[in-house]
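J.: Here's the letter readout for the chains.
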Amino acid sequence: MSATLVLGGARSGKSAYAERLALESGKEVVYLATSRAGDAEMAARIAHHRERRPAHWQTVEEELALAASLRAWSASNRIVLVDCLTLWLSNLLFCDGREWPEVGAVTLPERFHAERAALLELLADAPGDIVFVSNEVGMGIVPWGAVSRCFADEAGRLNQDVAARAERVVFVAAGLPLVLKGPRC
Amino acid sequence: MSATLVLGGARSGKSAYAERLALESGKEVVYLATSRAGDAEMAARIAHHRERRPAHWQTVEEELALAASLRAWSASNRIVLVDCLTLWLSNLLFCDGREWPEVGAVTLPERFHAERAALLELLADAPGDIVFVSNEVGMGIVPWGAVSRCFADEAGRLNQDVAARAERVVFVAAGLPLVLKGPRC
Amino acid sequence: MSATLVLGGARSGKSAYAERLALESGKEVVYLATSRAGDAEMAARIAHHRERRPAHWQTVEEELALAASLRAWSASNRIVLVDCLTLWLSNLLFCDGREWPEVGAVTLPERFHAERAALLELLADAPGDIVFVSNEVGMGIVPWGAVSRCFADEAGRLNQDVAARAERVVFVAAGLPLVLKGPRC
Chain Z
1 MSATLVLGGA
11 RSGKSAYAER
21 LALESGKEVV
31 YLATSRAGDA
41 EMAARIAHHR
51 ERRPAHWQTV
61 EEELALAASL
71 RAWSASNRIV
81 LVDCLTLWLS
91 NLLFCDGREW
101 PEVGAVTLPE
111 RFHAERAALL
121 ELLADAPGDI
131 VFVSNEVGMG
141 IVPWGAVSRC
151 FADEAGRLNQ
161 DVAARAERVV
171 FVAAGLPLVL
181 KGPRC
Chain G
1 MSATLVLGGA
11 RSGKSAYAER
21 LALESGKEVV
31 YLATSRAGDA
41 EMAARIAHHR
51 ERRPAHWQTV
61 EEELALAASL
71 RAWSASNRIV
81 LVDCLTLWLS
91 NLLFCDGREW
101 PEVGAVTLPE
111 RFHAERAALL
121 ELLADAPGDI
131 VFVSNEVGMG
141 IVPWGAVSRC
151 FADEAGRLNQ
161 DVAARAERVV
171 FVAAGLPLVL
181 KGPRC
Chain U
1 MSATLVLGGA
11 RSGKSAYAER
21 LALESGKEVV
31 YLATSRAGDA
41 EMAARIAHHR
51 ERRPAHWQTV
61 EEELALAASL
71 RAWSASNRIV
81 LVDCLTLWLS
91 NLLFCDGREW
101 PEVGAVTLPE
111 RFHAERAALL
121 ELLADAPGDI
131 VFVSNEVGMG
141 IVPWGAVSRC
151 FADEAGRLNQ
161 DVAARAERVV
171 FVAAGLPLVL
181 KGPRC
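Chains as they are written, first to last, in our numbering: chain Z, 1 to 185; chain G, 1 to 185; chain U, 1 to 185.
It should be emphasised that the hints constitute simulated quantities derived from the structure, not laboratory data.
Among the hints, erroneous ones may be present.
Covered by chain G, according to a simulated footprint, are these stretches of chain U (three or more residues, beta-carbon under 8 Å) [said to hold, decoys possible]:
(1) 118 to 128
(2) 135 to 146
With the C-beta cut set under 7 Å, the calculated list includes, among others, these residues of chain G facing chain Z [as the list claims (entries may be wrong)]:
(3) Met1
(4) Leu7
(5) Val142
(6) Gly145
(7) Ala152
(8) Asp153
(9) Arg157
(10) Asn159
(11) Ala163
(12) Arg165
(13) Pro177
(14) Val179
(15) Pro183
Fair warning: this is a prediction, and the values are worked out from it, not measured in the lab.
Don't be surprised by glycine CBs; every beta carbon is placed ideally from N, CA and C.
Turn these sequences into a full structure, and let the hints guide you.
T.: This is how it looks when you write it as structure tokens:
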């Protein structure tokens, strides 16, 4: 198996790039969406992504149990496209409905730790190929509010941990790829 | 004709790099400013940029009708330096004085769509060289508020569309260029 | 002497990368911390960094007089690791307890200008090696409020000025290095 991480800012073209990778693999593609259509704006974004994808791709939705879903769908003749890790992380941070403090230390939900560990463990033995899409969120001004800072910290840490286990890491800006790890082409 | 996109964060040195490109082209340079000195801070920023530029460069100001202005100024013996696309986009988003909602879907001004389409069309047949400066704004925490998110989305989409039509795309960080597309030097 | 700038977003792995550089130099390492444990969250971040570092590294703390401290500690058989420039800049911007305006032009503290000039001057004649860690903060939405914009401007300018004087500049994303200047490996 082989894991690829496609990293980029908002509207950097990272999803379209990851979709091309999946398409060009020649394998059967499973699209694993981590988002939920919570409001009209989000629904519009999801619809926009869906229109672009080939109709024969299978779509699976999983907001929290990413490792279990990958374990179920990953197979040697398939490529699973996970779009995206950052939304999954955000789902986990808010999964138990807690109140977040404005300042001070934050305790993360138990499930966050369990699901995160399960994902990293899976990367050692998934049978098929996986392409992860993830956001770079740490290159702006450090945001006010403990929750935003905690989110930025966890998103950055997750990107580092997945990148360390991936065979290939590609940074996308303005739709153009820059290989950070692995073969250049 | 040849288009170059110089992309970078705030105070990344992208304008200075673009100015060097223009200077080194050996062509007559037209500096096309998209900003307006709306307040004292903006006026100071504009003055700072102007001091750095050679006195014999012609300066043209155009806040909205970028394609028309490029069509008028682009010529085979000239290079037009557009600084910057992001400000032009912002001018267009606010050009009809509308109220922006805090949440929910946003309808963009008619003129935004028309000017944007005109720019992309022009890139296919401008007679002379153009260097575009543009901001990367999508690598921080996704901002609250529909207008900031919409701006980030549109800025990212425009960068992708211009990058796809440019012969050369250069990412600038800490004043140093990183070629994303086209010849390395 | 040789200066290296390691640039990256929040939680990009830039500190860990800089620590590896220091370790692999084979020289005696002095860790120069510019942070102060102002609150519990900051104390936790500092403790997290400290745990990762070898116990035999000497740690020096200096919030403001960076050039003087570097002059005292830099030596031909040593490498000084400065973590990080962005925090030092922030310490300087707030060093005289002034009120920052919400809008309009900002006057920076005298000491800011003096310390900044002293650092750039030192880079021309420090006897030993220095590794600077610094944040990229300009690739998100331009923040509201004069102080955040001023901070983003000054952080970007400092990165440019240090990068221009460094022999090597490395951009770090998801823990992976991308050489912007100097030898690739």
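J.: Where does the structure disagree with the numbered hints, that is, which hint numbers, in rising order?
T.: Violated hints (numbers, rising): 1, 3, 6, 12, 13, 14 and 15; every other hint is consistent with the structure.
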